[in-house]
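Protein chains: 2
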Amino acid sequence: MKFIAEIDVMPQKEILDPQGKAVMLGLKNLGIRNVADVRIGRHITLEMEVDNQAAAEEEAAFACQKLLANLIMEDYTFTVRPA
Amino acid sequence: MKFIAEIDVMPQKEILDPQGKAVMLGLKNLGIRNVADVRIGRHITLEMEVDNQAAAEEEAAFACQKLLANLIMEDYTFTVRPA
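First to last, the sequence lines map onto chains A and B. Per the numbering used here, the very first residue in the first sequence carries number 433; after that it's consecutive. Per the numbering used here, the very first residue in the second sequence carries number 433; after that it's consecutive.
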């Protein structure tokens, strides 16, 4: 069965996010002045061919821990759904 | 009221995603061989101080169109929730 994992990898709360700060400045220059905070991370879509939902979730977590996220500076969250 | 917009900006389906292809190769090297496709985009968290949900959604869409997404090559989706 085909499953799709939607993964978000974001900088941890304590970590400075200069890219986010730059975008906040850009928004202010566009006239959007009521933005309190911007944080920027990565969104990853993983398409997998596995037997069931549990296997898909396990594989997504493994991929996050081993390759997609730097756990020192980033957190990951994901959802898995059948394609 | 405080609202949070969770925005995903992804390369369009027709557009090659070399970063995704590189990650797919990395996953195969890690022993995950049943991944059919990987696509990588950006995840942006926008914290806004606006009156209501409709205003928050309007502002998030404006930010996506004007700054966050390159509409020639990228698509955006977002959800808005009260903080």
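Treat each hint with caution, since some may be false.
Copies of the same chain are indistinguishable here, so a pair counts whether it falls within one copy or spans any two.
Here are the simulated DSSO-like pairs of lysine-lysine, each with C-alpha atoms no more than 30 Å apart in a straight line [stated by the list, open to error]:
id : residue 1 : residue 2
1  : LYS498    : LYS453
2  : LYS434    : LYS498
3  : LYS434    : LYS453
Since the hints were derived computationally from the structure, they do not count as laboratory data. Just so you know, these numbers come straight off a predicted model, no measurement behind them.
Status of each hint after checking the structure:
Proximity of LYS498 and LYS453 under a CA criterion of 30 Å is satisfied in both settings, with 28 Å inside one chain copy and 17 Å between copies. In this assembly of identical chains, the alpha carbons of LYS434 and LYS498 lie at most 30 Å apart only when taken from the same copy (22 Å versus 35 Å across copies). In this assembly of identical chains, LYS434 and LYS453 lie within 30 Å of each other by CA distance solely across copies; the values are 19 Å between and 38 Å within a copy.
This entry satisfies every hint, going by the numbered hints stated previously.
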